[in-house]
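A.B. asks: From first to last, the protein sequence lines stand for chains U, A and F.
Taking the working numbering as reference, the numbering of the first sequence is continuous, increasing by one, and the terminal residue is 532.
Taking the working numbering as reference, the numbering of the second sequence is continuous, increasing by one, and the terminal residue is 317.
Taking the working numbering as reference, the numbering of the third sequence is continuous, increasing by one, and the terminal residue is 290.
It should be emphasised that the hints constitute simulated quantities derived from the structure, not laboratory data.
Glycine included, each C-beta is placed from N, C-alpha and C at the ideal position.
Any given hint might turn out to be false.
[Claimed, not checked] Partial list, computed: chain A residues near chain U (C-beta under 8 Å): (1) G128; (2) M213; (3) T218; (4) R220; (5) S221; (6) K222; (7) R231; (8) H233; (9) D311; (10) L316.
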Amino acid sequence: MSAPVLDVTDLRVRIGNREIVGGVSLSVAREQTLGIVGESGSGKSMTALAATGLLDAPGAVVTGSAVLAGTPQTQLVGASARVLRGVHGGRIGFVFQDPGTSLNPLLTLERQITESLEAHRGSTRRGARSRALELLEAVGLPDPSARLHSYPHQLSGGQRQRVMIAIALACDPELLIADEPTTALDVTTQAQIIDLVRELQRDFGTAVVWISHDLGVIGQVADQVTVLQAGEAVEQAPVLDVFDHPRQPYTRELLDARPLIGADGPPPVEEAPVLLDVAGLDVTFTAETPRGRSDVRAVQDLSFRIRRGTTLGLVGESGSGKSTVAAALTALVRPAAGTATLDGIDVADRSMRRRISMVFQDPFSSLNPRRTVAAAIAEPLRVHRLADGKRGRAARVGELLELVGLTPEFASRYPHELSGGQRQRVSIARAVAVEPDLLILDESTASLDVSVQDRVLDLLAELQRELGLTYLFIAHDLAVVQRMSHDVLVLRDGRAVEYRSAAELFAHPDADYTRALLAAVPPARPRGAGAA
Amino acid sequence: MTPLLRFLTRRVLHSLVVLFGVLVLVFALVHLVPGDPVRIALGTRYTPEAYEALRTASGLDRPLLQQFLGYVGSAVRGDLGVSFRNGDPVTVTLLERLPATVSLGLVGIVIALLIAIPLGVFSALREGRLSDGIIRVTSQFGVSVPDFWMGILLIGLFSTTLGWLPTSGYRPLFDDPAGWLRHIVLPGLTVGLVAGAIMTRYVRSAVLEVASMGYVRTARSKGLSPGVVTRRHVMRNALVPILTITGIQLATILGGVIVVEVVFAWPGLGRLVFNAVSARDYPLIQGAVLLIAVLFLLINLLVDVLYAVVDPRIRLS
Amino acid sequence: MNQRVSPWKLLLTNPITALSAAVLVVVAVIVVGAGALAPYGINDIDVPNALQGPGLTHWFGTDELGRDVLSRVLVAIQASMRIAVISVTFAAVVGVAIGLLAGYRGGWLDSVLMRVVDVMFAFPVLLLALAIVAILGPGVTTTTLAIGIVFTPIFARVARASTLSVRTEPYVAVSRTMGTGDGYILGHHVLPNISGPLIVQTSLSLAFATLSEAALSFLGLGIQPPQPSLGRMIFDSQGFVTMAWWMAVFPGAAIFVIVLAFNLLGDGLRDVLDPKQRTLIEARRAGRGR
Numbered sequence: 001m002s003a004p005v006l007d008v009t010d011l012r013v014r015i016g017n018r019e020i021v022g023g024v025s026l027s028v029a030r031e032q033t034l035g036i037v038g039e040s041g042s043g044k045s046m047t048a049l050a051a052t053g054l055l056d057a058p059g060a061v062v063t064g065s066a067v068l069a070g071t072p073q074t075q076l077v078g079a080s081a082r083v084l085r086g087v088h089g090g091r092i093g094f095v096f097q098d099p100g101t102s103l104n105p106l107l108t109l110e111r112q113i114t115e116s117l118e119a120h121r122g123s124t125r126r127g128a129r130s131r132a133l134e135l136l137e138a139v140g141l142p143d144p145s146a147r148l149h150s151y152p153h154q155l156s157g158g159q160r161q162r163v164m165i166a167i168a169l170a171c172d173p174e175l176l177i178a179d180e181p182t183t184a185l186d187v188t189t190q191a192q193i194i195d196l197v198r199e200l201q202r203d204f205g206t207a208v209v210w211i212s213h214d215l216g217v218i219g220q221v222a223d224q225v226t227v228l229q230a231g232e233a234v235e236q237a238p239v240l241d242v243f244d245h246p247r248q249p250y251t252r253e254l255l256d257a258r259p260l261i262g263a264d265g266p267p268p269v270e271e272a273p274v275l276l277d278v279a280g281l282d283v284t285f286t287a288e289t290p291r292g293r294s295d296v297r298a299v300q301d302l303s304f305r306i307r308r309g310t311t312l313g314l315v316g317e318s319g320s321g322k323s324t325v326a327a328a329l330t331a332l333v334r335p336a337a338g339t340a341t342l343d344g345i346d347v348a349d350r351s352m353r354r355r356i357s358m359v360f361q362d363p364f365s366s367l368n369p370r371r372t373v374a375a376a377i378a379e380p381l382r383v384h385r386l387a388d389g390k391r392g393r394a395a396r397v398g399e400l401l402e403l404v405g406l407t408p409e410f411a412s413r414y415p416h417e418l419s420g421g422q423r424q425r426v427s428i429a430r431a432v433a434v435e436p437d438l439l440i441l442d443e444s445t446a447s448l449d450v451s452v453q454d455r456v457l458d459l460l461a462e463l464q465r466e467l468g469l470t471y472l473f474i475a476h477d478l479a480v481v482q483r484m485s486h487d488v489l490v491l492r493d494g495r496a497v498e499y500r501s502a503a504e505l506f507a508h509p510d511a512d513y514t515r516a517l518l519a520a521v522p523p524a525r526p527r528g529a530g531a532a
Numbered sequence: 001m002t003p004l005l006r007f008l009t010r011r012v013l014h015s016l017v018v019l020f021g022v023l024v025l026v027f028a029l030v031h032l033v034p035g036d037p038v039r040i041a042l043g044t045r046y047t048p049e050a051y052e053a054l055r056t057a058s059g060l061d062r063p064l065l066q067q068f069l070g071y072v073g074s075a076v077r078g079d080l081g082v083s084f085r086n087g088d089p090v091t092v093t094l095l096e097r098l099p100a101t102v103s104l105g106l107v108g109i110v111i112a113l114l115i116a117i118p119l120g121v122f123s124a125l126r127e128g129r130l131s132d133g134i135i136r137v138t139s140q141f142g143v144s145v146p147d148f149w150m151g152i153l154l155i156g157l158f159s160t161t162l163g164w165l166p167t168s169g170y171r172p173l174f175d176d177p178a179g180w181l182r183h184i185v186l187p188g189l190t191v192g193l194v195a196g197a198i199m200t201r202y203v204r205s206a207v208l209e210v211a212s213m214g215y216v217r218t219a220r221s222k223g224l225s226p227g228v229v230t231r232r233h234v235m236r237n238a239l240v241p242i243l244t245i246t247g248i249q250l251a252t253i254l255g256g257v258i259v260v261e262v263v264f265a266w267p268g269l270g271r272l273v274f275n276a277v278s279a280r281d282y283p284l285i286q287g288a289v290l291l292i293a294v295l296f297l298l299i300n301l302l303v304d305v306l307y308a309v310v311d312p313r314i315r316l317s
Numbered sequence: 001m002n003q004r005v006s007p008w009k010l011l012l013t014n015p016i017t018a019l020s021a022a023v024l025v026v027v028a029v030i031v032v033g034a035g036a037l038a039p040y041g042i043n044d045i046d047v048p049n050a051l052q053g054p055g056l057t058h059w060f061g062t063d064e065l066g067r068d069v070l071s072r073v074l075v076a077i078q079a080s081m082r083i084a085v086i087s088v089t090f091a092a093v094v095g096v097a098i099g100l101l102a103g104y105r106g107g108w109l110d111s112v113l114m115r116v117v118d119v120m121f122a123f124p125v126l127l128l129a130l131a132i133v134a135i136l137g138p139g140v141t142t143t144t145l146a147i148g149i150v151f152t153p154i155f156a157r158v159a160r161a162s163t164l165s166v167r168t169e170p171y172v173a174v175s176r177t178m179g180t181g182d183g184y185i186l187g188h189h190v191l192p193n194i195s196g197p198l199i200v201q202t203s204l205s206l207a208f209a210t211l212s213e214a215a216l217s218f219l220g221l222g223i224q225p226p227q228p229s230l231g232r233m234i235f236d237s238q239g240f241v242t243m244a245w246w247m248a249v250f251p252g253a254a255i256f257v258i259v260l261a262f263n264l265l266g267d268g269l270r271d272v273l274d275p276k277q278r279t280l281i282e283a284r285r286a287g288r289g290r
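Full structure from sequences and hints, please.
C.D. replies: Here you go:
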């Protein structure tokens, strides 16, 4: 291994009397990628930002050493602001997670690239323009010369990330820090960005530090991997070793918790009657933008059925209309055309509110912060008069908490006292309280850490078996869908692309789009592992 | 239709709807008075002939809808009726008094901006530190002080005691620039200091919000100097909300100068409204209120236009 | 996970907010017992002792008719506060009802209500109050009504904005999918979560209402003589500023201190009740290693 571009030794970050990062050492060499993986709260972003002097947390104290190779060799920890300004953008480029807010909405793309060149290379605006054009071409942006004069809001999320990469590489830095760069992107776009960065790394020899919570992505991008848990480097090894011969139990836990394509689906259900029947569903709504209203056809001519006791997985990328389907089934939105019936009764009917339940994605905002867990779970019991008075409700709440794997003492707690996984369990308890026929799970595990997600999915499977629940499982993660679903419906731009049993769809996908989605999923084995 | 044009059309239409509402409200002013407005206005000068004359002259003997349409029709043509008190055409009186108030408003807003932008930005960039705390509390002082009290105290200090500046009165700018300046200092300061305190708080919160945005972190990650980050990334994006605040504040000043004009015997619209209210001179009250509301709407519309010019998200699709 | 400190405790750790709260407690005492606290009558004319500076017999001095300034200030505070509290209560109740309805229901009801609010916003506050006084004649009732009406739009706007942001929260959507009635949702989900900004607005409006009443009284259109009012006392002091500064300074300072206290309290409340601001404060406290 050649000399490291960045060599970090015993890096520590303290805020107050808490140590957020406790003695992490790592290094990355030229034309190599170091993957830093960890769950939320592991300190992975903080480690990278602290090591490169970009940390901006009030009261944070950074100690240790982070040496950037080159002429001159630079110690980054404790370096002066002037030195750091020379390094940032000039010798280290950064790509952040959210393409929506990472670019200045009022400046043209050209300007956002050239200001970096002006600051570090002393170029003039004109001189920098040709370099900006070069960069936009290199990152694969269509019609680059026209795009020079575009503004960020005119680009898609994936395109904006390409621009961010162009900005980061503008001054040909030795090191690129990418902090969850693909987390907010669709899986197909994510695959493209991963390929792009790999290509650029080959062309320019840049060292890359790629931070992600997603082991699959890390497997695709990294040569070396550092696993962080609660601010400590738990395992550090080449990527193949980490995946094939993990040494630490935590690493093994992370690997096992990953949903993988090719895993077993749910147990088959014998001949079951059709519970939900949707035919020709059409949902349109008007979107308000500062420039006026426009009509969006979110769902077009959609038909599907769900048999009792089974799970239909609804897959789509952002903007596919999948959440709109959920909204239509729960009468939050009225369809423009088509029918949706449960046991023959229209889903908009009042009686359906008891028979169709929903669990949302965000565990934090799904519960009223000012009400106790008990109040939240008891609400549907109250509305539908399902238990006898206060005592009856309290008893039922206790039962439901146990059902979802929580103890009765949780009843008197408030949402902010619970972890994300616990909150989702409460949301599930609330949804199951009415003993619904159909439970709609709208990206219900997407915001959870992978190990927590694994346990919640187990819970959902168990509940389906024990209570005979029927699920509409909405997700963008194909591996999770495969694990949970009997049948799968793939949605794109509001239209059904493919609709078959899960077994058939995953074994022999029919539509090109489905194939593209499957191909984009990071494989179980890391790259360079040979044939799987 | 380009997005810009669509946006502007919507804003203009919205303003027209509000303008209509304003006209209705202003018109209703006279008719909401319990009792007979003409009799009240005449007061001690009441005679049956004077009553009839005034009533007919102001058109109060015609049916309500006709009166309203008549009012709107004349207003559009610039005729706002005649004063109950002295029979002068309202429009003429208003236009006579407008320059004094506009001068005061503009001087006030300029002083306010000169205070608010440096202090607001400084305070935001040093958020949480002592200097920020001091500025926040001091601006609260400025917001809490009654403007007429400040005016009286300033007169007491600078005019009566020190004799540096005149106690009251107005000199038109183009006739006597030095006199204009001398006379406008105290009232301008009174208006400007209070408005400046209010705006400092808004500027601060606008800058804070922008400074926490992702693109500011991106700018720092490019190694740009703090000056460039502040100017090109923070301030340029804070400009939009600051513009909005300035517009609102200017409009508020126009309506709020009433008391300051009374304290300084300033011959502007505010003092006119006050005298009209005391004398129950309804046509004059209506005209002044309408004019000020229209100015308010125009300023807001202007702010919207500038907003569209500055922010490409509105201009382009 | 993390123990949340009670908002009230957090509020009082800020010395400035605590001081403001203390000042307002004193004001409350004055409102209740001005008559008992005042050493002299408000209209005890005593010309031989006119224009005396602050001293042992008259803590705030006397005015041009020999009346005790302190007593008049105390009674004036009582009158001002009554107007401020009643008018702001009216504005809050009506404004929040309008804003809640408009924000929750949306649609044409929202458009209509907000247009009306927009029209009211087109008039600067004092101007609108003057216009109402012009219609109904000067006096305490008119002033209270005028301020109440004029302040309603801001409550409507704040209530509507908060309601809109709460309405789109998933926990409200969940309730609706469950079939929970609108009334229950408004009462248990929306109202408790919009109370923060509304409490802040109430404090700020009380400040502004005090200033507005003072301005109206200054112009002679508010509290009518012989009832003392802080604004009118300042007006009456105009001829005497240099020879009897206490006639202008004490009433003005009273207004200033009360308004400042409401404003600072409002700031403190905002820091504590606004969730984003709160996590910042709590993080800072944690950072200081408590």
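A.B. asks: Hint by hint, note whether the structure agrees.
C.D. replies: Status of the hints after comparison with the structure:
1. A cut of 8 Å between beta carbons decides the hint on G128(A): the least distance to chain U is about 7 Å, and the hint holds.
2. At about 6 Å, the closest approach between the beta carbon of M213(A) and any beta carbon in chain U falls short of 8 Å, and the interface hint on this residue holds.
3. Residue-level restraint check for T218(A) holds (minimum Cβ-Cβ distance to chain U is 5 Å; threshold 8 Å).
4. With a least beta-carbon distance of about 7 Å to chain U, the hint placing R220(A) at the interface is held under the 8 Å criterion.
5. Taking 8 Å as the C-beta contact cut-off toward chain U, the hint placing S221(A) at the interface holds, the least distance being around 4 Å.
6. Hint on K222(A) holds. Least Cβ distance to chain U is approximately 4 Å, under the 8 Å limit.
7. At a threshold of 8 Å, the smallest CB-CB gap from R231(A) to chain U is about 11 Å, leaving the interface hint violated.
8. A cut of 8 Å between beta carbons decides the hint on H233(A): the least distance to chain U is about 6 Å, and the hint holds.
9. Hint on D311(A) holds. Least Cβ distance to chain U is approximately 7 Å, under the 8 Å limit.
10. At its closest, the beta carbon of L316(A) sits 7 Å from a beta carbon of chain U; the interface hint therefore holds under the 8 Å criterion.
Checked against the numbered hints above, the structure violates only hint 7.
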